[in-house]
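Student: Residues per chain, in single letters:
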Amino acid sequence: MVIDGGEVSEIASYFSVSEKTIYRDIRDAEVINRHAVQNFDQDKFLGESISFWLQIRWKSMRDSELAREENAKIGHRRNAITAQEKLEKSLQDRGLLNKVPQELKVTGILMEKAEARAATREYLKTINELSGKNG
Amino acid sequence: MVDCDPEILKREMLSYHVKHGFVDADELLDFIDTYWKLRVPRAQVCPEHTPPAEYIVDSFFETVQDSVCWANRGGGKTLLGALSTWLDTVFKSGCATKILGGSQEQSKRMYEHLTGEGDGWGMVTQDFRHLLRGEMLAHRTVLNNQSNIQILTASSKSVRGAHPQKIKLDEVDEMDPNIYEAALLVPQTKRGIKASVQIFSTMHRTYGLMDQVISEAARSGYKVYKWCIFDVMEKCPEWRVCDECELWEDCQGKARHADGFYSIEDAISKKRQVSRDTWLCEMLCFQPSQEGLIYKEFDMALHVV
Chain A
0 MVIDGGEVSE IASYFSVSEK TIYRDIRDAE VINRHAVQNF DQDKFLGESI SFWLQIRWKS
60 MRDSELAREE NAKIGHRRNA ITAQEKLEKS LQDRGLLNKV PQELKVTGIL MEKAEARAAT
120 REYLKTINEL SGKNG
Chain B
0 MVDCDPEILK REMLSYHVKH GFVDADELLD FIDTYWKLRV PRAQVCPEHT PPAEYIVDSF
60 FETVQDSVCW ANRGGGKTLL GALSTWLDTV FKSGCATKIL GGSQEQSKRM YEHLTGEGDG
120 WGMVTQDFRH LLRGEMLAHR TVLNNQSNIQ ILTASSKSVR GAHPQKIKLD EVDEMDPNIY
180 EAALLVPQTK RGIKASVQIF STMHRTYGLM DQVISEAARS GYKVYKWCIF DVMEKCPEWR
240 VCDECELWED CQGKARHADG FYSIEDAISK KRQVSRDTWL CEMLCFQPSQ EGLIYKEFDM
300 ALHVV
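The listed protein sequences correspond, in order, to chains A and B.
Using numbering that gives the first Met the number 0, the first residue of the first sequence is number 0, and each one after it goes up by one.
Using numbering that gives the first Met the number 0, the first residue of the second sequence is number 0, and each one after it goes up by one.
Calculated directly from the structure, the hints in this document are not laboratory data.
Do not take every clue at face value.
Subject to a maximum C-alpha distance of 27 Å in a straight line, what follows is the list of computed DSSO-like cross-link-like pairs (lysine-lysine) [unchecked claim]:
{"no.": "1", "chain 1": "B", "residue 1": "K36", "chain 2": "B", "residue 2": "K269"}
{"no.": "2", "chain 1": "B", "residue 1": "K9", "chain 2": "A", "residue 2": "K112"}
{"no.": "3", "chain 1": "B", "residue 1": "K36", "chain 2": "A", "residue 2": "K112"}
{"no.": "4", "chain 1": "A", "residue 1": "K58", "chain 2": "A", "residue 2": "K43"}
{"no.": "5", "chain 1": "B", "residue 1": "K234", "chain 2": "B", "residue 2": "K269"}
{"no.": "6", "chain 1": "B", "residue 1": "K193", "chain 2": "B", "residue 2": "K225"}
{"no.": "7", "chain 1": "A", "residue 1": "K43", "chain 2": "A", "residue 2": "K112"}
{"no.": "8", "chain 1": "A", "residue 1": "K98", "chain 2": "A", "residue 2": "K112"}
{"no.": "9", "chain 1": "B", "residue 1": "K36", "chain 2": "B", "residue 2": "K225"}
{"no.": "10", "chain 1": "B", "residue 1": "K36", "chain 2": "B", "residue 2": "K234"}
{"no.": "11", "chain 1": "B", "residue 1": "K234", "chain 2": "A", "residue 2": "K124"}
{"no.": "12", "chain 1": "B", "residue 1": "K253", "chain 2": "B", "residue 2": "K222"}
{"no.": "13", "chain 1": "B", "residue 1": "K156", "chain 2": "B", "residue 2": "K225"}
{"no.": "14", "chain 1": "B", "residue 1": "K36", "chain 2": "A", "residue 2": "K124"}
{"no.": "15", "chain 1": "A", "residue 1": "K112", "chain 2": "B", "residue 2": "K18"}
{"no.": "16", "chain 1": "B", "residue 1": "K107", "chain 2": "B", "residue 2": "K156"}
{"no.": "17", "chain 1": "B", "residue 1": "K253", "chain 2": "B", "residue 2": "K225"}
{"no.": "18", "chain 1": "B", "residue 1": "K9", "chain 2": "A", "residue 2": "K124"}
{"no.": "19", "chain 1": "A", "residue 1": "K72", "chain 2": "A", "residue 2": "K85"}
{"no.": "20", "chain 1": "B", "residue 1": "K107", "chain 2": "B", "residue 2": "K225"}
{"no.": "21", "chain 1": "A", "residue 1": "K124", "chain 2": "B", "residue 2": "K18"}
Next comes chain A alone, as it looks inside the complex (with noise of 0.2 Å):
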């Protein structure tokens, strides 16, 4: 109620407590919660969704191999890549494995210089010769 955004003497009032019982459950609240954190294990966690995926990976595959008809095949496969794409992702996500760029964007050129837009415009023009003239 508290996070709800409850007043404090609203909530006494409702439970008919005293406004000092209430602070003290709300302290307690907060201790038990930080402890709940504390005692989280990422790593572990991590690994859970890890070996997730990997099961959902194989199981796909497998019944992808098993399955007798051809759009059954597919729709597992399908589950395996989207299964490999997360794992991929959730990896990516976390630093653990590297994510080579695709392509590199060439923006913020510096305008005010004459040599720039020249050497811009060059490249324009060399982009507008490989697409075509227009008429």
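Fit chain B to the supplied structure of chain A, relying on the hints for placement.
Tutor: Frame of chain A; chain B shown alone:
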């Protein structure tokens, strides 16, 4: 893979030039080449004529206030008129231009050069769309920088009303002289942008309006930009032999130095199709054809007492 996204680069460069303009003529012409794949002919081909690029540069940098472009058929008058209008509109805040065509068809062609519809080149490409305020309309285009373009057919009504800084008269030889006179009073200098009258036309009528405009150009303070088919012709390749060329009589090897867009094959074909008078008048910008007059050999100086 290194990917310099051309669209992002174009946007950044356009944004720079909208704020800071252009340093010189080369930068402006190079920008035109880059954004519209349009190479405005710069080479001096005929010694007595002006390269079309000179008109674009003078118009943009306002070194010339009033001008007449006397050029051949297919010489890019309407296209260059649309280009100079669009450059003024994009890069000069609060610049208003009124374009009057000699006919409805002529006005439509100018509009098509802006939009890219029909045979139009398409000045308002995707790179410039974000500058528009609302949709482009056939008679009016407004930009976020308070600039606008009005394309109308020359009529007594269209020359009345607002006074923009620029007025462009396309194909004056088709215009009513009274409307032409009234149109000259339209432009007014405002917001630091000079008033100017720009006229574009072939001269195909003996004693027509264009004939009169050119005769009085010096007195009226117009700079005359004159270019013929050779000034806008593509560069003649080495493999073409001058002695066997049907254009040799008029070309005399000048096309070897050209850098324009007019196809040599088209020029040869046109020369075969039309009479010598029409060729000289409409393609080489010589004196107007006297075809159709009662006495072709009539000479005002000789036969009038």
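Student: Against each hint, give a clear statement of whether it holds in the structure.
Tutor: Tested hints:
no., hint, verdict
1, B:K36 to B:K269, "holds (26 Å)"
2, B:K9 to A:K112, "holds (15 Å)"
3, B:K36 to A:K112, "holds (23 Å)"
4, A:K58 to A:K43, "holds (22 Å)"
5, B:K234 to B:K269, "holds (18 Å)"
6, B:K193 to B:K225, "holds (23 Å)"
7, A:K43 to A:K112, "violated (54 Å)"
8, A:K98 to A:K112, "violated (34 Å)"
9, B:K36 to B:K225, "holds (23 Å)"
10, B:K36 to B:K234, "holds (17 Å)"
11, B:K234 to A:K124, "holds (19 Å)"
12, B:K253 to B:K222, "holds (24 Å)"
13, B:K156 to B:K225, "violated (30 Å)"
14, B:K36 to A:K124, "holds (8 Å)"
15, A:K112 to B:K18, "holds (14 Å)"
16, B:K107 to B:K156, "holds (18 Å)"
17, B:K253 to B:K225, "holds (16 Å)"
18, B:K9 to A:K124, "holds (11 Å)"
19, A:K72 to A:K85, "holds (20 Å)"
20, B:K107 to B:K225, "holds (24 Å)"
21, A:K124 to B:K18, "holds (22 Å)"
When each numbered hint is compared with the structure, violations occur for hints 7, 8 and 13.
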